[in-house]
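Place chain B on chain A using the hints.
2 protein chains.
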Amino acid sequence: MGRLVARYGATAVVEAIRARALPVEFVAQEERPGALTARLNAWYARLAAANPIADLEAGERSGARLIVPGGPEWPTQLDQLGPSRPLGLWLRGTADLRFSCLKSVAVVGARSATAYGVHIAAEFGVGLSESGWTVVSGGAFGVDGAAHRGALVADSPTVVVLACGVDVCYPTSHDTLFAAVRDQGVVVSECPPGVHPTRARFLIRNRLIAALSRGTVVVEAALRSGALNTAAHTLTLNRHLAAVPGPVTSRMSAGCHRLLRERKAVCVTSPEEMIELVGVIGDDLAPQTRAPAVPRDKLNESTRRVLDAIPTRGGAGPASIAVAAGLGLDATLSALGGLAAAGYIERSPDGWRVRKLGTTYRKASEAAVLEPRMAEDADPTQEPPFPDEDDLARHEDGLPAPEESSQGREHDGWKEKGTELLAFEYP
Amino acid sequence: MGRLVARYGATAVVEAIRARALPVEFVAQEERPGALTARLNAWYARLAAANPIADLEAGERSGARLIVPGGPEWPTQLDQLGPSRPLGLWLRGTADLRFSCLKSVAVVGARSATAYGVHIAAEFGVGLSESGWTVVSGGAFGVDGAAHRGALVADSPTVVVLACGVDVCYPTSHDTLFAAVRDQGVVVSECPPGVHPTRARFLIRNRLIAALSRGTVVVEAALRSGALNTAAHTLTLNRHLAAVPGPVTSRMSAGCHRLLRERKAVCVTSPEEMIELVGVIGDDLAPQTRAPAVPRDKLNESTRRVLDAIPTRGGAGPASIAVAAGLGLDATLSALGGLAAAGYIERSPDGWRVRKLGTTYRKASEAAVLEPRMAEDADPTQEPPFPDEDDLARHEDGLPAPEESSQGREHDGWKEKGTELLAFEYP
Chain A
1 MGRLVARYGA TAVVEAIRAR ALPVEFVAQE ERPGALTARL NAWYARLAAA
51 NPIADLEAGE RSGARLIVPG GPEWPTQLDQ LGPSRPLGLW LRGTADLRFS
101 CLKSVAVVGA RSATAYGVHI AAEFGVGLSE SGWTVVSGGA FGVDGAAHRG
151 ALVADSPTVV VLACGVDVCY PTSHDTLFAA VRDQGVVVSE CPPGVHPTRA
201 RFLIRNRLIA ALSRGTVVVE AALRSGALNT AAHTLTLNRH LAAVPGPVTS
251 RMSAGCHRLL RERKAVCVTS PEEMIELVGV IGDDLAPQTR APAVPRDKLN
301 ESTRRVLDAI PTRGGAGPAS IAVAAGLGLD ATLSALGGLA AAGYIERSPD
351 GWRVRKLGTT YRKASEAAVL EPRMAEDADP TQEPPFPDED DLARHEDGLP
401 APEESSQGRE HDGWKEKGTE LLAFEYP
Chain B
1 MGRLVARYGA TAVVEAIRAR ALPVEFVAQE ERPGALTARL NAWYARLAAA
51 NPIADLEAGE RSGARLIVPG GPEWPTQLDQ LGPSRPLGLW LRGTADLRFS
101 CLKSVAVVGA RSATAYGVHI AAEFGVGLSE SGWTVVSGGA FGVDGAAHRG
151 ALVADSPTVV VLACGVDVCY PTSHDTLFAA VRDQGVVVSE CPPGVHPTRA
201 RFLIRNRLIA ALSRGTVVVE AALRSGALNT AAHTLTLNRH LAAVPGPVTS
251 RMSAGCHRLL RERKAVCVTS PEEMIELVGV IGDDLAPQTR APAVPRDKLN
301 ESTRRVLDAI PTRGGAGPAS IAVAAGLGLD ATLSALGGLA AAGYIERSPD
351 GWRVRKLGTT YRKASEAAVL EPRMAEDADP TQEPPFPDED DLARHEDGLP
401 APEESSQGRE HDGWKEKGTE LLAFEYP
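For the protein sequence lines, the chains are A and B, in the order given.
When we follow full-length UniProt numbering, the leftmost residue of the first sequence carries the number 1, and every step to the right adds one.
When we follow full-length UniProt numbering, the leftmost residue of the second sequence carries the number 1, and every step to the right adds one.
Hints were generated in silico from the structure; no laboratory data involved.
Treat the hints loosely; a few may be bogus.
As the list claims (entries may be wrong) - Quick list of simulated restraints, FRET-style, between CB atoms:
(1) A:60 with B:263: 46 to 56 Å
(2) A:21 with B:337: 53 to 63 Å
(3) A:314 with B:57: 15 to 25 Å
Keep in mind that this is a model prediction, so the values were computed, not measured.
Note that beta-carbon positions come from the ideal geometry of N, C-alpha and C, so glycine has one too.
Chain A with its partners taken away, still in its complex shape (with noise of 0.2 Å):
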């Protein structure tokens, strides 16, 4: 049908198929002309169940309007579609359809999303609006839903994409969120007014969706999900796909997982991470995602080697810290003095060792010729820069070891020891 209306022009294919006669010429390039006999057969008796003037009232009634290639609302990025690009759409809302996709992100995902999703997915419809982008998806339950919610709260459009006509409320309970698009936004359709959704309209909407977006990203998806289809639509037209990971034991992404390990699509964690994926390049970069510096980066080289040359255990006199450093002593003599005066390093019986983490923060930010070692380490709710470190000074507190408690992180036991690290709180 596509090929031919791009051919013949609308008007010439519907008289054709009223008089049941295609153009010979077409039909005779067609590989299989059986079954296009078929197809103008269904064509016809669908053209016979056909009622245009009253789908034209129907939308004029429900404040709808149509609007058709070539027209100044359509979205020329349809037209990559070819053979398949609608042949009209059906719009309701304020927004302009063309223009509101002129940067605008597909957010898809499972209808039955998890809380995980549905928290991602609105941080997804805010973060992309709050930048200028639209989101554009269906009208679902869970990711669609929570994705055009966001966007409603940072008072964007956004752009709905039925698989029924546009004054049909599917599914029912979003009325008052499809309400707030067409005041916001706007709601699309292929289908004329009236008509109701079927599997076969939902498959046929999801190109819509990858194809007015420059991007598709997928939230949430089990393995069979009409948003892998949407997936689909987007690498056929050389779009950007990107999906969000989620914990692999949830079955709602392991589509995005397989999308991932099949390197369809590119692994974003946040809004800003998508608009540098659909966005221009080098304008539209995401902040890297990069820890806190810690005190420990402004050392110099050689106090840094001689740190960590200083034993957590026992201690060291300053000849075997400069062996271990591979350092001259004149230079290991320099640094030890630095680094205990800014309380990184205490002597001990045994020598230099390492600063014990409790009493090393209150001292330390007072002293501070060099910044206090433990103070960020000491953070639990900061990754330390070398884990392994961090174990050292944990364990010379005698506190007990995250595992042992088997509750991980949150249950360090440094709440129950009574000591200084009460100075940091949890969040």
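Frame of chain A, contents of chain B only:
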């Protein structure tokens, strides 16, 4: 040092350091001869402090053995480290290191792992071991320990690579774990007995974990984590690098996600997928992640099209169904008969409609010319094949929408309905 030993042999190099005079032609080839002098001085001091006889005696006392390149237990894959290949390794344990590491995977990750990370690490430990793959890891809390425990549970050897002497128990509370590893696997260190861990030794140690294994999987890692150091060594060695995704809301998975995002690591969600990565091509394929087939899959093409064309609200006559399905009336009537007999559809006052969820299950299992359609779709633990369709079915039942309860799929309200749906038990 590695270049020196490779060229002149260990004995000659010891003599040269003792004489404080390196071979002239070697010095001439080095890029920075000045730096070499400083190194030589540091080596000289270190050699003076070394006591190899005492080391060997201490090793013997603790039941450790020393292996060197060329020996029968030397894992030749370490040769890929080039100049940074260790000069020797101290071992303690019953397992043969070379044999154990023929098929081995490094399982690394955060010390302060979350409950999720610990769970996954243990799953990988068990799964790899049960398939004949040896786990290689450090001896730290969190991911390291969990991976070894998983391997031990599976009665397999496991390889702990320490950053201290093999007779030093660090962290101390891992003493029973390390004892079990010595019984069943092997504890490895480059450091002589009695040496305590320092930050530098952990970083140096990481190259051994990467070099002993065919590939490395990062289970959990913050953006700044020692596990990422091991990952970098893995890439340098051109071994396989994998990362396990996790919730994007968890900072303990941020390092894994960055590796995936930068396409440095392959996304793996199970031990099987890891084995596929490091195993023999073709022999070790992971089972395809695939959702279970649903009864609908068994319908032929035209029957499926008829089913898709039948509305879920109201009803439709055969003629309009034929139009919607794009099929002839005869074919449509025949498909309708089969679908009705199998319990997929039913007559309503308005014509044919898709059968409701609750009542279909029982009757269909008796009729079953074709298998009933809703049985598996309704399984609350399964993502339905096409989410939106299940929406339709659920809506027809007037069941509350998962999103409205804002608690996701766990709370579909099916249990509360007192309908036949109670036949499905929650897992």
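Tested hints:
{"no.": "1", "hint": "A:60 with B:263: 46 to 56 Å", "verdict": "holds, 51 Å"}
{"no.": "2", "hint": "A:21 with B:337: 53 to 63 Å", "verdict": "violated, 33 Å"}
{"no.": "3", "hint": "A:314 with B:57: 15 to 25 Å", "verdict": "holds, 21 Å"}
The structure shown violates just one earlier hint, number 2.
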